[in-house]
Amino acid sequence: MSEWLERHVPKVVLAPSFVAILFFVYGFIAWTAWVSLTRSRLMPKYDIEGFIQYERLFAAPRWDTAMNNLFIFGTLFIVISMILGLLLAILLDQKIRTEGVIRTIYLYPMALSMIVTGTAWKWILNPGLGIEAMVRGWGYEDFKFDWLVNSDLAIYTVVIAGVWQSSGFVMALFLAGLRSVDGEIIKAAQVDGIPTWRIYSAIIIPSMAPIFLSAFIVLSHLAIKSFDLVIALTGGGPGYATDLPATYMYAMAFSRGDIGQAASSAMIMMAVVFAIVVPYLYSELRAAKND
Amino acid sequence: MAPILDIKNLKKNYGSTEILKDINVSIEPGDFLVLVGPSGCGKSTLLNCIAGLEPITGGSISIAGQDMTEVSPKDRNIAMVFQSYALYPTMSVAKNITFGMKVRGVDQATQDKKLQEVAAQLQIEQLLNRRPGQLSGGQRQRVAMGRALVRDPALFLFDEPLSNLDAKLRVEMRTEIKKLHQNLNASMVYVTHDQIEAMTLATKIVVMKGGVIQQIGSPAEIYNRPANLFVADFMGSPAMNLIPAKTRANGGATEIVIDRPAAEPLVLKDTQNANLPADVILGLRPEDIAEAGYRSGDNVQTADCMVEMVEPAGADTYVVSHLGGKQVTARLHAETTATPGAALPMAFDLSKVSYFAPETGARLN
Amino acid sequence: MTDMTVTNARSGGLSKIALRWILYILLGIFALYYLMPLFVMLTTSLKSLDEIRTGSLVALPRDVTFDAWRTAWSGACTGIQCEGLQPYFWNSVLIAVPAVMISTLLGAMNGYVVAQWRFKGANIIFSLMLFGCFIPFQVVLLPMATTLGKLGLAGTIPGLIFVHVVYGLGFTTLFFRNYYVTIPQELVKAAKVDGAGFFRIFWSIFLPLSLPIIVVTVIWQFTQIWNDFLFGVSFSQAGTQPITVALNNIVNSTTGVKEYNVDMAAAIIAALPTLLVYVVAGKYFIRGLTAGSVKG
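Protein chains in written order, with our numbering: chain U, 57 to 347; chain X, 145 to 509; chain R, 20 to 315.
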């Protein structure tokens, strides 16, 4: 018995976590998938009825808005964060004496809750007392910056706050990437008399392709899961103007009592995440195996 | 005397890959067994199997007369020194050495006494309070040895313990391990890919390749009478000259005919070996080819050879010429007058010759 | 890592000095951009409501008052209750501390197994756990709500601890696994020959080595759990809400006069613990961030 235990103790130790993950992740995904195929409303039902929930979902204008918003928000959030992050990383890579302090300043928003970030920006972007009022106070009486309460533009305020929060993190990723480029290659290029900007554009940045990929994965993951930021900043409004799939799902699950819609929208989110993350993880794990 | 280590028909597979195939080795108490071979030959796996760190697929292992096939490492009465030394990084040298005793519940007084003995033996008394990170490579090596010595096991296992040291230190530690073996009269199994280490340390060598034992023997046997082409080529530096040749019987002797570029074939007469097949590979160590006049004996043949290259190495001078389509290295005395491009009369000591079958690589004489 | 000087091919001359200036000005502007919201929050929280209505967003407070802070801590209304953030702050502490400890401990054990005691299937298990890190949690909200109800944990702090432990396991395991994988396997072998078993080796050899990764993991988990809103808002009830939920309720409560200074003070209070961690142990915080995103 003790021999057996000794040999199997690693499995015994891993087992509870494994069972928990199996049940609470994969089992729950299966449950949600199942329920998304039923007529569940206030209470879950378990008779499979086909894709009616998905049909309802795609017919709902609110879901349409949410997906559109995800596309707008996701694209801008990822692109701007990446550009800004790369720019900041390159600027900081120039032997800056106060690099530590500056890096700390650029990155601190990442330590904040999205709720805090949303609250802060909600105040700053508030037309009555925020930036708009401030600029008007400087004498520009016609200045208008009411994106937060403008149905067409409110989604861009989410982009502003999201970029503010995450771009420093992208900078940290890129900075680590810049520093890990083989120094001898750069020395060789310098000896060859290649100008600095060419060294960046032709040697360093192309060699950071894996970091771009990582940053893209993390940012898109953040974008799809974005929930707190919208809740705190706009509450999904005005109206449903800044709804994202995550807020739509939450509203269906907990305020509308429409479990079928909640499950089907969650499954769509899951599908989007997997479409992005699975190929990435798969290649990472394969690379790890070949190490 | 019963063998201290007896391995019978050992097999080891990873999935469908056979790592070790039918290994049979046994050693007597006091033996220093060296497992040698190129990387990937299975020698380290075999050592791990002996230690019980890897389960085996078939066969049996017994240590000091006890069947240990299914026994866990801690109960095998062994101690092991690893390539990376595997010192516990957060423990002091003293704790590293006594950890095993502590785990086994040895009382503090005995621990201290043994620690002092071993530390004195290895001259590491002044290091006992340091952490492994503060030690040099050679010192770490000593501590790793100390950890093994303090166990006083039936069998010591060494997994390439010197390969992380620089060349000079390696030679020093080699000598020290040899001294230790002699003083303790302990039984040891030692894995290395370095054939010089194998030759200098072993009382018995196992040459492995592809999970198969190629030859077991004393260093002299392995060196002088390699069992096949692989062993002949692997053991010895510079390597044994392996020259394709044809043979023909001539009375009681055999004539060996070796092609050479732009000259008549070289014909040597071997008076000791007969009944050889028509095609052979002739193996002759560099030191068995000398400048004419520097080697004499019943079976020494002299012939002129074209010198291609001269490589002085201090104590000796290596001379390279071309025979049978191969570069042939001869080890001459340091004062030789050999010059590249000139012919030099050379003596081939055929009393030391090995013959191999070209197809199978097996030894013929 | 390469030396900084290497990536920094500079040419001499006047243009060089000008470039340096531009560089520093750019860096300064960005620093202002990142600091501005914090500055605005802080100044607003120290102003009276009157001053906020009449003054400019970025002006320093004329009369510094801590009333808003007092209200935010102990008097602000989250819906019908008006006890300020205080009780919710302690809720978050009660949730975060055990959840961080349990998930870190389990992650350490799991990582130790996956990295050093590989067995057939261990890699598949690890991959499954890793995938679990990436799911959008919306997909488990509904069944988790049902399950917590069945376990009698719905709306309780132990329920939230449980949820955070389960969904934090993937990351904590990943952190420890990636750390332990760099430790040579020979260490375990040597300890086995020395007679130590699974737990002894973990306790005597691996745990003493693990301080850096424990710090990284604890910081990561603490930040995640303290800042969580989705689980908090989904699985808590009136008395058990974490601070993020309470903050959102204060800010979005529609009753009475909008007290922006209280909102800002409350936001800062909610952010203080994680900000403090960031300032004290920023190095480890960043290491966690990058380790959590790049496979390390």
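Just so you know, the hints here were simulated from the structure itself, not pulled from any lab data. A hint or two may mislead.
Label pairs and their calculated CB-CB ranges [stated by the list, open to error]: (1) U:L143 / R:V83: 34 to 42 Å; (2) U:R63 / X:D296: 53 to 61 Å; (3) R:L61 / U:K151: 50 to 58 Å; (4) R:V77 / U:I139: 51 to 59 Å; (5) X:D296 / U:A244: 35 to 43 Å; (6) R:F85 / U:W194: 28 to 36 Å; (7) X:D251 / U:K151: 35 to 43 Å; (8) U:R95 / R:V83: 55 to 63 Å; (9) X:S160 / U:L61: 46 to 54 Å; (10) R:C101 / U:F127: 38 to 46 Å; (11) X:E503 / R:R219: 29 to 37 Å; (12) R:L124 / U:R63: 47 to 55 Å.
Ideal Cβ placement from N, Cα and C applies to all residues, glycine included.
Assessment of proposed distance window 35 to 43 Å (beta carbons of X:D296, U:A244): Taking Cβ atoms as reference, X:D296 and U:A244 lie about 56 Å apart, which means the hint is violated.
Could you tell me whether the CB distance from X:D251 to U:K151 stays inside 35 to 43 Å? 60 Å, violated
Range hint compliance [Cβ, R:L61 to U:K151, 50 to 58 Å]: The hint (50 to 58 Å, Cβ to Cβ) is violated, given that R:L61 and U:K151 are roughly 32 Å apart.
Okay, U:L143 versus R:V83 on CB: inside 34 to 42 Å? This hint holds: roughly 37 Å between Cβ atoms.
For the hint 51 to 59 Å, verify it against the beta carbon of R:V77 and that of U:I139. 26 Å, violated
Please test the hint of 38 to 46 Å on the beta carbon pair from R:C101 and U:F127. 41 Å, holds
Mind checking the hinted window 47 to 55 Å against the Cβ distance between R:L124 and U:R63? Violated - the Cβ-Cβ distance for R:L124 and U:R63, about 23 Å, lies outside 47 to 55 Å.
Please check whether U:R63 and X:D296 have a Cβ separation lying inside 53 to 61 Å. 27 Å, violated
Does the beta carbon distance between U:R95 and R:V83 stay inside 55 to 63 Å, or does it fall outside? Cβ of U:R95 to Cβ of R:V83: about 60 Å, so the range 55 to 63 Å holds.
Distance restraint hint 46 to 54 Å, applied to the beta-carbon atoms of X:S160 and U:L61: At 30 Å between Cβs, range violated.
Does 28 to 36 Å hold as the CB distance between R:F85 and U:W194, or does it fail? 29 Å, holds
Given a hinted range of 29 to 37 Å, is it respected by the beta-carbon distance of X:E503 and R:R219? Since the Cβ atoms of X:E503 and R:R219 sit about 55 Å apart, the hinted range of 29 to 37 Å is violated.
When the structure is compared with the earlier hints, violations turn up for hints 2, 3, 4, 5, 7, 9, 11 and 12 and for no others.
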